[in-house]
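We have chain S already, so just place chain F on it with the hints.
Read top to bottom, the protein sequences are chains S and F.
For the first sequence, our numbering puts the final residue at 409, and the numbers step up evenly by one.
For the second sequence, our numbering puts the final residue at 409, and the numbers step up evenly by one.
No lab work stands behind these hints, which were simulated from the structure alone.
A couple of the hints might just be wrong.
Identical chains share a label here; the pair holds if one copy fits it or two copies do between them.
Mimicking DSS-like on lysine-lysine, the simulated pairs with C-alpha atoms at most 30 Å apart in a straight line are [to be verified]:
#: 1; residue 1: K391; residue 2: K405
#: 2; residue 1: K343; residue 2: K364
#: 3; residue 1: K210; residue 2: K228
#: 4; residue 1: K148; residue 2: K391
#: 5; residue 1: K73; residue 2: K406
#: 6; residue 1: K251; residue 2: K117
#: 7; residue 1: K73; residue 2: K362
#: 8; residue 1: K200; residue 2: K391
#: 9; residue 1: K251; residue 2: K148
#: 10; residue 1: K57; residue 2: K251
#: 11; residue 1: K403; residue 2: K255
#: 12; residue 1: K364; residue 2: K403
#: 13; residue 1: K133; residue 2: K405
#: 14; residue 1: K200; residue 2: K364
#: 15; residue 1: K200; residue 2: K255
#: 16; residue 1: K255; residue 2: K210
Protein chains: 2
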Amino acid sequence: MRRLKEVQKRLKEKIGEKILKDVEKGENPYIEIPLRTLNNVVYDSKTGMLTLGGKSAKRFLFNIAHAKKFTQTLMVSAFCNQLLKENLHTSLRDMFYALKRTFPNSNENTFEEENESNAVLVDLEVALDVLREQLHLNADVRGRVVGNVVIKDGRDLINWAKLGSGGWAIPSNVEDIEFKKVDADWILCVEKNAAFERLHEDKFWQKHNCILLTTQGQPARGARRLLQRLSTEFKLPVYVATDADSFGWYIYSVIKYGSISLAHVSERLGTPTAKFLGLTISDIDEFKLHNFTIKATEQDIKRAEELMNYEWFKSKDWQRELRLMVERKIKAELEALSGRGLKFMTEVYLPTKLKEKKFLD
Amino acid sequence: MRRLKEVQKRLKEKIGEKILKDVEKGENPYIEIPLRTLNNVVYDSKTGMLTLGGKSAKRFLFNIAHAKKFTQTLMVSAFCNQLLKENLHTSLRDMFYALKRTFPNSNENTFEEENESNAVLVDLEVALDVLREQLHLNADVRGRVVGNVVIKDGRDLINWAKLGSGGWAIPSNVEDIEFKKVDADWILCVEKNAAFERLHEDKFWQKHNCILLTTQGQPARGARRLLQRLSTEFKLPVYVATDADSFGWYIYSVIKYGSISLAHVSERLGTPTAKFLGLTISDIDEFKLHNFTIKATEQDIKRAEELMNYEWFKSKDWQRELRLMVERKIKAELEALSGRGLKFMTEVYLPTKLKEKKFLD
Numbered sequence: 049m050r051r052l053k054e055v056q057k058r059l060k061e062k063i064g065e066k067i068l069k070d071v072e073k074g075e076n077p078y079i080e081i082p083l084r085t086l087n088n089v090v091y092d093s094k095t096g097m098l099t100l101g102g103k104s105a106k107r108f109l110f111n112i113a114h115a116k117k118f119t120q121t122l123m124v125s126a127f128c129n130q131l132l133k134e135n136l137h138t139s140l141r142d143m144f145y146a147l148k149r150t151f152p153n154s155n156e157n158t159f160e161e162e163n164e165s166n167a168v169l170v171d172l173e174v175a176l177d178v179l180r181e182q183l184h185l186n187a188d189v190r191g192r193v194v195g196n197v198v199i200k201d202g203r204d205l206i207n208w209a210k211l212g213s214g215g216w217a218i219p220s221n222v223e224d225i226e227f228k229k230v231d232a233d234w235i236l237c238v239e240k241n242a243a244f245e246r247l248h249e250d251k252f253w254q255k256h257n258c259i260l261l262t263t264q265g266q267p268a269r270g271a272r273r274l275l276q277r278l279s280t281e282f283k284l285p286v287y288v289a290t291d292a293d294s295f296g297w298y299i300y301s302v303i304k305y306g307s308i309s310l311a312h313v314s315e316r317l318g319t320p321t322a323k324f325l326g327l328t329i330s331d332i333d334e335f336k337l338h339n340f341t342i343k344a345t346e347q348d349i350k351r352a353e354e355l356m357n358y359e360w361f362k363s364k365d366w367q368r369e370l371r372l373m374v375e376r377k378i379k380a381e382l383e384a385l386s387g388r389g390l391k392f393m394t395e396v397y398l399p400t401k402l403k404e405k406k407f408l409d
Numbered sequence: 049m050r051r052l053k054e055v056q057k058r059l060k061e062k063i064g065e066k067i068l069k070d071v072e073k074g075e076n077p078y079i080e081i082p083l084r085t086l087n088n089v090v091y092d093s094k095t096g097m098l099t100l101g102g103k104s105a106k107r108f109l110f111n112i113a114h115a116k117k118f119t120q121t122l123m124v125s126a127f128c129n130q131l132l133k134e135n136l137h138t139s140l141r142d143m144f145y146a147l148k149r150t151f152p153n154s155n156e157n158t159f160e161e162e163n164e165s166n167a168v169l170v171d172l173e174v175a176l177d178v179l180r181e182q183l184h185l186n187a188d189v190r191g192r193v194v195g196n197v198v199i200k201d202g203r204d205l206i207n208w209a210k211l212g213s214g215g216w217a218i219p220s221n222v223e224d225i226e227f228k229k230v231d232a233d234w235i236l237c238v239e240k241n242a243a244f245e246r247l248h249e250d251k252f253w254q255k256h257n258c259i260l261l262t263t264q265g266q267p268a269r270g271a272r273r274l275l276q277r278l279s280t281e282f283k284l285p286v287y288v289a290t291d292a293d294s295f296g297w298y299i300y301s302v303i304k305y306g307s308i309s310l311a312h313v314s315e316r317l318g319t320p321t322a323k324f325l326g327l328t329i330s331d332i333d334e335f336k337l338h339n340f341t342i343k344a345t346e347q348d349i350k351r352a353e354e355l356m357n358y359e360w361f362k363s364k365d366w367q368r369e370l371r372l373m374v375e376r377k378i379k380a381e382l383e384a385l386s387g388r389g390l391k392f393m394t395e396v397y398l399p400t401k402l403k404e405k406k407f408l409d
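Bound-form chain S, shown alone (with noise of 0.2 Å):
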């Protein structure tokens, strides 16, 4: 489904057709839409992410309150089209002021914010099932690779294992690249680019024969992609690292169910197959880290609380462990280890928890 004509096909099929047919049956013009609204967002726990419901919304055009709305999703598909066309990829910004201007003889501006020109392509995501990457819209970028893997990116082979230091810029886009050769065994996927330049540096993806990748924080949807692509293309397990933290644990939340706003394109963005491998809380007495763990703040502890009711942290050891952070009132970096010596977590933690297979599920 990653091909440009099928995702050309949907927009006319759905979009363009369906209107020209209402027009033509002398019917009030519509455009379906799913409901994105949390009482439409279920965890489904045989797939393993969070997903849309049944319900949906009507969107007319002769309706006072619709109309604007059913322009302006009109004209968000025809940009889209126009995109697809040329062949030519752009930003949610740029889309914005592509499509800004004042209807003729009024003083009433197509959009006036950028959010909700925003709302109106992932209505349209929703609606025709495909991703905002193949509406040629490219999301924020974040993130970095390095591994045993050459993929083709336009006319460019592209090895992994010979960037340096740097590795690859994750691309906001990654439908449309090819992987030529994918030698690993599995892939760590570690919240922070410091924890990623110190294993590159020990040379750990080499001796682990994995692919070592980092979101640099939250991770952005060309990461999420790239993960749920390696992993059902090529069967390889997806081992999370994150910071002792409620925000560290979205992040691996995030990258295995998928994300409470983006719940319509968890199947694409998901990776249901990841697991935690660290930290926790127990870590800290495991790695005897004491000495280097932080308060937790107010936030933090409220953060834990709601994650300990999330359906998908209801595990047994992901119960342990949030309860050990709200009861103990710590949290702990991944930069922590350090406090061990510097290779400690290449040398020492990730060994051991791979060894003895600590992952939390």
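For chain F alone, coordinates are given in the frame of chain S:
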């Protein structure tokens, strides 16, 4: 001065042996650190850079007010010495954890917060006249680059022209990369990744034989150092394109002159020959962007007024642009150019500015 041995020599002579001599002479051991307070930061109109003046302070061991800072300075020095000896690199955060402990028989910690060890490291940078990266402490990473350039990073030969849509992820430390081939006439540095991706897709750097780099917002040290090295080692003119607002213009000024907080490293991070290519408030008239401007906030205006007072924004052109912003209370983003069409920046805006040499200096 990028050689490891030279940095080790300075650490040894200016810190280790210096202290040892004081001790042997029976004197109160001290380290001399140039002051980094605002009253010791000067704008040097000859070199066109912010630099440190001649004031400095002595840090003594036997002085209740100095003893802890003195000890911290020696701890950080010893840590850096170890990094250089083992040829390891790490982050500021990791260094903090590696050095954090409680002094024996006391309740006093070596370092309470990371900003303490960071400040000591900057002291050391200044005292030894080296870069943090030369002491093997990596900074934040941000920034991507493409162009007809081949570099050697470690054992890897990397061709910036063949890295697909992502480009090369600029690492935090570019001290040791070697330029093997640089086939470009100039460098275009854009603030935003969205602009970088559009220009890259439109093959701007191939058509105009330039290196294309994005800082992705506030420039990280790696990106600044890379620009500086390319511009000095290959005499390449640097042109900077940012949003037309105080934040964007300050980014330009940091690339060109250095920043107040890092004035001691301007010489190695600043690119005084850099010129500003756009956006300006005048561009809004000239390129008919009126429909795509944003109302400037109180803070934007205040910041623009501050910039007007900086010595390095005193040129007639800059004063005019800053005044226009304050008077008209508007700003504009690079993405606003998309209001005139997605390829407007590539095909009209940049070529026109370059042809008419409409640069600000």
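Against the structure, the hints come out as follows:
When the C-alpha separation of K391 and K405 is checked against a cutoff of 30 Å, the pair qualifies only within one copy, where the shortest distance is 20 Å, while the shortest distance between copies is 52 Å. Only within a single protomer do K343 and K364 lie at most 30 Å apart by alpha-carbon distance; the minimum there is 24 Å, versus 52 Å between protomers. In this assembly of identical chains, K210 and K228 lie within 30 Å of each other by CA distance both inside one copy and across copies; the values are 15 Å within and 15 Å between. In the homo-oligomer, the alpha carbons of K148 and K391 lie at most 30 Å apart only across protomers (16 Å), although the nearest pairing inside one protomer, at 53 Å, exceeds that limit.
Taking identical chains as interchangeable, the C-alpha atoms of K73 and K406 are never at most 30 Å apart, the minima being 62 Å within one chain and 56 Å between chains. In the homo-oligomer, the alpha carbons of K251 and K117 never lie at most 30 Å apart, since the shortest distance is 52 Å inside one protomer and 36 Å across protomers. Taking identical chains as interchangeable, the C-alpha atoms of K73 and K362 are never at most 30 Å apart, the minima being 52 Å within one chain and 67 Å between chains. In the homo-oligomer, the alpha carbons of K200 and K391 lie at most 30 Å apart only across protomers (25 Å), although the nearest pairing inside one protomer, at 34 Å, exceeds that limit.
Taking the closest pair of Cα atoms, K251 and K148 come within 30 Å of each other only across two copies (26 Å); inside a single copy the shortest separation is 49 Å, beyond that limit. With identical chains, the CA atoms of K57 and K251 are at most 30 Å apart between copies only, with a shortest distance of 28 Å across copies and 46 Å within one. For the homomeric pair K403 and K255, the shortest alpha-carbon distance inside one copy (14 Å) is at most 30 Å, but the shortest distance between copies (53 Å) is not. In the homo-oligomer, the alpha carbons of K364 and K403 lie at most 30 Å apart inside one protomer (21 Å), although the nearest pairing across protomers, at 67 Å, exceeds that limit.
In this assembly of identical chains, K133 and K405 lie within 30 Å of each other by CA distance neither inside one copy nor across copies; the values are 49 Å within and 35 Å between. Within a single copy, K200 and K364 get their C-alpha atoms no closer than 42 Å, and across copies no closer than 49 Å, so neither meets the 30 Å cut-off. For the identical chains of this complex, K200 and K255 are neighbours both inside a copy (25 Å) and across copies (23 Å), given an alpha-carbon limit of 30 Å. When the C-alpha separation of K255 and K210 is checked against a cutoff of 30 Å, the pair qualifies both within a copy, at 16 Å, and between copies, at 27 Å.
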